[in-house]
Amino acid sequence: MSVDFCGIELAHPVINASGTFDAIAAERAFGQGLLSNFPFAAFVSKTVTLNARQGNPPPRLWELAGGLINSIGLPNKGLQGYLEHDLPQLARLPVPLIVNVMGFSRDEVAALVEAFEARDEVAALELNVSCPNVETGLLIGADPDELAGLMARVRPLTSKPLIVKLTPNASDVPAVARAAQDGGADAVSLINTLRGMALHPRSGDPWLGGVTGGVSGPAVRAVALAQVHALASVLRIPIIGMGGVQSGHQAADLIRAGATLVGVGTESFRDPAAGLRISAELAESSVSTGL
Amino acid sequence: MSVDFCGIELAHPVINASGTFDAIAAERAFGQGLLSNFPFAAFVSKTVTLNARQGNPPPRLWELAGGLINSIGLPNKGLQGYLEHDLPQLARLPVPLIVNVMGFSRDEVAALVEAFEARDEVAALELNVSCPNVETGLLIGADPDELAGLMARVRPLTSKPLIVKLTPNASDVPAVARAAQDGGADAVSLINTLRGMALHPRSGDPWLGGVTGGVSGPAVRAVALAQVHALASVLRIPIIGMGGVQSGHQAADLIRAGATLVGVGTESFRDPAAGLRISAELAESSVSTGL
Amino acid sequence: MTDRRVQAPFGRRAVEVAACRREGAYVVLQCHDPDGPRPVAGQFYMLTAGQRWGGGEDERPFLPRAFSVMRAPADGDRLDFMLEDVGPGTRRLGELGPEDALLLVGPLGNGFAPPRQGRRPLLVGGGVGIAPLAILQDQLATPDGTEPISALLGFRDAQHAMGAGLLADSVVATDDGSYGHHGLITDLLIRELDRDDHVEVYACGPPPMLEAVRALCAERGVPGQLALESGMACGFGACFGCVVPTRSGYVRICVDGPVVNAAELDTALAPGGGH
Amino acid sequence: MTDRRVQAPFGRRAVEVAACRREGAYVVLQCHDPDGPRPVAGQFYMLTAGQRWGGGEDERPFLPRAFSVMRAPADGDRLDFMLEDVGPGTRRLGELGPEDALLLVGPLGNGFAPPRQGRRPLLVGGGVGIAPLAILQDQLATPDGTEPISALLGFRDAQHAMGAGLLADSVVATDDGSYGHHGLITDLLIRELDRDDHVEVYACGPPPMLEAVRALCAERGVPGQLALESGMACGFGACFGCVVPTRSGYVRICVDGPVVNAAELDTALAPGGGH
Ligand SMILES: Cc1cc2nc3c(=O)[nH]c(=O)nc-3n(C[C@H](O)[C@H](O)[C@H](O)COP(=O)(O)OP(=O)(O)OC[C@H]3O[C@@H](n4cnc5c(N)ncnc54)[C@H](O)[C@@H]3O)c2cc1C
Ligand SMILES: Cc1cc2nc3c(=O)[nH]c(=O)nc-3n(C[C@H](O)[C@H](O)[C@H](O)COP(=O)(O)OP(=O)(O)OC[C@H]3O[C@@H](n4cnc5c(N)ncnc54)[C@H](O)[C@@H]3O)c2cc1C
Ligand SMILES: Cc1cc2nc3c(=O)[nH]c(=O)nc-3n(C[C@H](O)[C@H](O)[C@H](O)COP(=O)(O)O)c2cc1C
Ligand SMILES: Cc1cc2nc3c(=O)[nH]c(=O)nc-3n(C[C@H](O)[C@H](O)[C@H](O)COP(=O)(O)O)c2cc1C
Ligand code: FES
Ligand code: FES
Numbered sequence: 008m009s010v011d012f013c014g015i016e017l018a019h020p021v022i023n024a025s026g027t028f029d030a031i032a033a034e035r036a037f038g039q040g041l042l043s044n045f046p047f048a049a050f051v052s053k054t055v056t057l058n059a060r061q062g063n064p065p066p067r068l069w070e071l072a073g074g075l076i077n078s079i080g081l082p083n084k085g086l087q088g089y090l091e092h093d094l095p096q097l098a099r100l101p102v103p104l105i106v107n108v109m110g111f112s113r114d115e116v117a118a119l120v121e122a123f124e125a126r127d128e129v130a131a132l133e134l135n136v137s138c139p140n141v142e143t144g145l146l147i148g149a150d151p152d153e154l155a156g157l158m159a160r161v162r163p164l165t166s167k168p169l170i171v172k173l174t175p176n177a178s179d180v181p182a183v184a185r186a187a188q189d190g191g192a193d194a195v196s197l198i199n200t201l202r203g204m205a206l207h208p209r210s211g212d213p214w215l216g217g218v219t220g221g222v223s224g225p226a227v228r229a230v231a232l233a234q235v236h237a238l239a240s241v242l243r244i245p246i247i248g249m250g251g252v253q254s255g256h257q258a259a260d261l262i263r264a265g266a267t268l269v270g271v272g273t274e275s276f277r278d279p280a281a282g283l284r285i286s287a288e289l290a291e292s293s294v295s296t297g298l
Numbered sequence: 008m009s010v011d012f013c014g015i016e017l018a019h020p021v022i023n024a025s026g027t028f029d030a031i032a033a034e035r036a037f038g039q040g041l042l043s044n045f046p047f048a049a050f051v052s053k054t055v056t057l058n059a060r061q062g063n064p065p066p067r068l069w070e071l072a073g074g075l076i077n078s079i080g081l082p083n084k085g086l087q088g089y090l091e092h093d094l095p096q097l098a099r100l101p102v103p104l105i106v107n108v109m110g111f112s113r114d115e116v117a118a119l120v121e122a123f124e125a126r127d128e129v130a131a132l133e134l135n136v137s138c139p140n141v142e143t144g145l146l147i148g149a150d151p152d153e154l155a156g157l158m159a160r161v162r163p164l165t166s167k168p169l170i171v172k173l174t175p176n177a178s179d180v181p182a183v184a185r186a187a188q189d190g191g192a193d194a195v196s197l198i199n200t201l202r203g204m205a206l207h208p209r210s211g212d213p214w215l216g217g218v219t220g221g222v223s224g225p226a227v228r229a230v231a232l233a234q235v236h237a238l239a240s241v242l243r244i245p246i247i248g249m250g251g252v253q254s255g256h257q258a259a260d261l262i263r264a265g266a267t268l269v270g271v272g273t274e275s276f277r278d279p280a281a282g283l284r285i286s287a288e289l290a291e292s293s294v295s296t297g298l
Numbered sequence: 027m028t029d030r031r032v033q034a035p036f037g038r039r040a041v042e043v044a045a046c047r048r049e050g051a052y053v054v055l056q057c058h059d060p061d062g063p064r065p066v067a068g069q070f071y072m073l074t075a076g077q078r079w080g081g082g083e084d085e086r087p088f089l090p091r092a093f094s095v096m097r098a099p100a101d102g103d104r105l106d107f108m109l110e111d112v113g114p115g116t117r118r119l120g121e122l123g124p125e126d127a128l129l130l131v132g133p134l135g136n137g138f139a140p141p142r143q144g145r146r147p148l149l150v151g152g153g154v155g156i157a158p159l160a161i162l163q164d165q166l167a168t169p170d171g172t173e174p175i176s177a178l179l180g181f182r183d184a185q186h187a188m189g190a191g192l193l194a195d196s197v198v199a200t201d202d203g204s205y206g207h208h209g210l211i212t213d214l215l216i217r218e219l220d221r222d223d224h225v226e227v228y229a230c231g232p233p234p235m236l237e238a239v240r241a242l243c244a245e246r247g248v249p250g251q252l253a254l255e256s257g258m259a260c261g262f263g264a265c266f267g268c269v270v271p272t273r274s275g276y277v278r279i280c281v282d283g284p285v286v287n288a289a290e291l292d293t294a295l296a297p298g299g300g301h
Numbered sequence: 027m028t029d030r031r032v033q034a035p036f037g038r039r040a041v042e043v044a045a046c047r048r049e050g051a052y053v054v055l056q057c058h059d060p061d062g063p064r065p066v067a068g069q070f071y072m073l074t075a076g077q078r079w080g081g082g083e084d085e086r087p088f089l090p091r092a093f094s095v096m097r098a099p100a101d102g103d104r105l106d107f108m109l110e111d112v113g114p115g116t117r118r119l120g121e122l123g124p125e126d127a128l129l130l131v132g133p134l135g136n137g138f139a140p141p142r143q144g145r146r147p148l149l150v151g152g153g154v155g156i157a158p159l160a161i162l163q164d165q166l167a168t169p170d171g172t173e174p175i176s177a178l179l180g181f182r183d184a185q186h187a188m189g190a191g192l193l194a195d196s197v198v199a200t201d202d203g204s205y206g207h208h209g210l211i212t213d214l215l216i217r218e219l220d221r222d223d224h225v226e227v228y229a230c231g232p233p234p235m236l237e238a239v240r241a242l243c244a245e246r247g248v249p250g251q252l253a254l255e256s257g258m259a260c261g262f263g264a265c266f267g268c269v270v271p272t273r274s275g276y277v278r279i280c281v282d283g284p285v286v287n288a289a290e291l292d293t294a295l296a297p298g299g300g301h
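Protein chains in written order, with my numbering: chain A, 8 to 298; chain B, 8 to 298; chain C, 27 to 301; chain D, 27 to 301.
Hints listed in this document are in silico derivations from the structure and should not be mistaken for laboratory results. As the structure is a computational prediction, the values presented were derived from the model and not from experiment. Even for Gly, the Cβ is constructed at its ideal location relative to N, Cα and C. Mixed in with the good hints there might be a few duds.
Here are a few chain C residues that face chain B, going by a calculated C-beta distance under 7 Å [unchecked claim]:
id : residue
1  : 30
2  : 46
3  : 63
4  : 89
5  : 205
6  : 264
7  : 272
8  : 281
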């Protein structure tokens, strides 16, 4: 089951989805047991922004039938905090490290990319483009031109593999993905969460502190499969497929639809070792299906 | 609970979602029982196109956890068939009739709108814009300019209320909705289905005859609520909210988020009389919440 | 075909399970339906368990499931269904016990028509497809019960062939020869047609069997009525999901079937999806 | 605070339910956990029923639910939890019976620290929040059991007050006066502090109670350890969903709690959402 992903050798095709596994906190909770059975073939960090962020006010979670709406709001220590506190610890993980970054302007993204280009601990970068460019007001990941502009600015700054994490809340995801590829992306990953909302059962006000949030989990699986499938025929570069994966069979579906790697997110909340189970099931189904 | 909707007096705010209830077939199945307890305050017909369509090859359905993917493919008798066979029967229903139409060019939509403008049996028209304009290649409902062009062409052709049924598969639904309003729409309805897909559990090939389909039911409810909420603050015209409604409480949520009417779709498959139950529950919760 | 149906009360009603028992490889689910009419053989019901529908494997079932009525004695309020466990819905229904709630919509669809003038009914069933033939036997029986309605029933093996006990008179074939004739039920049909083809064939079963029956009827110029299956979401014509191809295009078998004339089909093989 | 925790085995493990019984308005769920370590009082577990998690009302529960361990005798493998039925998850767990499978992750989070030098522990619990105080009583007890650990417990009414039987020594107050002191548990806390405030307060309960305790501790300059609650998706720091505001910003109470020093909070009232 070992996979070559943009020149990085991975033990199997299952990685975590950004923001759904904090290896440092998990090590506090599970200790050595986590490290000796690390559930993912690569570790993707939660989105890092240039400046530290507190994140959204609670409540941040709403449970759905087969899913979850989160409005976490990208809390993180900011670039400096990450470099000082997190990177040294994450560098000790037994798998390659992929750092997910987001910026609200091309300069911000450029600063992040340059900083991580300088760090050997980092195997690859993932650009989270599910946010507006504050200078143009356009959602970077929903607009092919906006993304092309960003790629033109940051691609030259790094020789590490650059993954573009696409938003599913776009009219024409294939057009955005093509812009990523044409701009020199080494891979794309999708889907990020779908915009969703819930009201307080009694007061009728928005439940989430952030008013709206992102839907993940089984409820979005069919949408993820359709979007991965739609890209498979238009892209040359590899795809990291994610969205609602709970089993090896569902991971295999994404691979059949065109993904090279599969990301596991919400399912890790139900079982911290879900990645282990899913990659084992996938290995088994691959043997039986000859995938 | 009676509601004025664009000048049409409705007994309560619950109507069917287009394509999820065939009153003529239901009358064959349930007879007089349907007509004397008609579950909706208005009846919305399945999408009518200029020419007859066979629809997609089967299989057309895939069940999800709390949802359904359909690739029905808009089968219908075409405008002439509808006028001859369906309209006379639908005119006998005890509630106002809303005809949902779709065209692959502005001329097609114009021809449909003109034909129904001439029919007194029709209380209002709903434009299904979840399709490409074959002349420009653009998805009409995902592109504000495309929709503005369509509205400019067809709005002058009818004095009946014109509802624009929006697609949720768009980067900026509020922008599209504003284009509808600015173009003279009397209301908007949403959400249509989310693009989704499933693979055959054994062969791994796409399950649906149409390859991809549309996701509906509880799995899309949180997305529907977020989209209705996003429009409430940008529109003056009324909103018909739909997507996964199974109870009066959920209907009330859509109304709190900004909807005037609520559409029930997939839930009618589970219980043909779901509309009755939901409007009764809604009436009760309205009394208790003073909605 | 003109409608051969009894109309259903509008909406979904809760009824009580009377019993649920194994019959070989199958489950027979019996309930009381005091508020529904007596159905026509060949009609079906959409069933949902009153509890825990929405849970289970992969969190399905979500939609109701279609089942032919297997028996509905004219006197009384009982409805019997015959289930084969093939997935989460049939499994959940098979777990129901006495007094559990069952939600149903029906009777739905077009049932079987009486045989054309002077023709002897010949019933051909395969697997769980024998269900509608049991009630058909009841409804075709002469008042004095003198002329037995013959039924040819095919099964995978002896375990499944125990289902044949649900019909009155039957000749059985099994694929593996573990019970009755070793071979296909269409072998027996050919024999019957060779003997006397002044019959009207009533068939229900897996698509390959139905297709073989259809082809035989066409070849011999014998009228046939086939009860088809297809994935359904609603059962009352609302979703357009259950279509099968016929000579006049796609038809929804929940309203223009499930019983269709063999002559209307080019094939009885279910298209795509691998049902 | 430095970690006061026992680490959990990595992953979710299936254990067997030993018993599930009512205790007044509550349910006590007991299981055997042979493969897990003995937890520190104040730690919690994420629980999922082995079956039918994903079904039920509105098709929730989907995520695991957090429960403080209520008792975990040092000798043996038993873990006890105390549940109040407030929704689909607690209802489903309360339906479990002997030998049913329970899936758990834990022990998780930071437990209670021993009292600061020379201070007498004073336990204050409200409703189902008394659960972690039961195991805390066990763990604080002197080896000879001579010095009882006093606990002040508040409940809605007598029916709920039956939960007090789960702790050794306690003084009870009820909101409606149907059992014990008629009034708030903080009335009793004030009395205790007036008598002798060389104590360390350990509290768990509904937010308004915790806030009153926090304010009292601040006023009297008494150290307090509060076990907080918040909606959780994961329980091990993965989702960032369970944050509460502290003087040093939002902290995830599943890893930097659930026990926090009262002095770190400006308020113990849960923000927004109406928990
Ligand atoms: C008119 C009619 C009458 C019938 N009468 C009977 C009867 O008397 N007795 C009886 O046992 N059965 C009968 N059936 C068939 C019965 O309805 C199905 O076996 C039942 O719906 C299966 O449900 P399930 O949840 O158990 O299995 P499913 O999981 O629904 O699997 C059944 C088949 O559906 C497909 N499938 C699998 N997963 C999905 C999915 N997620 N979405 C869509 N399709 C999927 C596969 O082809 C699978 O083999 C009848 C069907 C019809 C239409
Ligand atoms: C560290 C910790 C320890 C705990 N210890 C105990 C204990 O020992 N005993 C005990 O009984 N409880 C304990 N709890 C609380 C327990 O976890 C909750 O009561 C439980 O999760 C409720 O689940 P439910 O499905 O029964 O109810 P839910 O339906 O989840 O309702 C519980 C509350 O969540 C909110 N809510 C309602 N619907 C949703 C939704 N869809 N998504 C998100 N939130 C929603 C509402 O505020 C509601 O009042 C503890 C919690 C924590 C964090
Ligand atoms: C609680 C939570 C936090 C997330 N945080 C991030 C994030 O920081 N950066 C990011 O790119 N994606 C984030 N995501 C999106 C996931 O990486 C993933 O794209 C999405 O959840 C779909 O996968 P799943 O259904 O397996 O969870 C987050 C998702 C969840 C549920
Ligand atoms: C089987 C099916 C057929 C549909 N056909 C149409 C259609 O013909 N025209 C249309 O505008 N919407 C159609 N829709 C979309 C619904 O009108 C509705 O927007 C969507 O299903 C969301 O509502 P629900 O979750 O309550 O089903 C269809 C939906 C389903 C499930
Ligand atoms: S099952 Fe819905 S139309 Fe036939
Ligand atoms: S519950 Fe997920 S971070 Fe605390």
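Cross-check of the supplied hints:
1. 30: 12 Å, violated
2. 46: Violated. Min distance 22 Å.
3. 63: Violated, about 10 Å.
4. 89: 6 Å, holds
5. 205: 29 Å, violated
6. 264: 5 Å, holds
7. 272: 12 Å, violated
8. 281: Hint on residue 281 of chain C: holds, closest Cβ of chain B at ~5 Å, below 7 Å.
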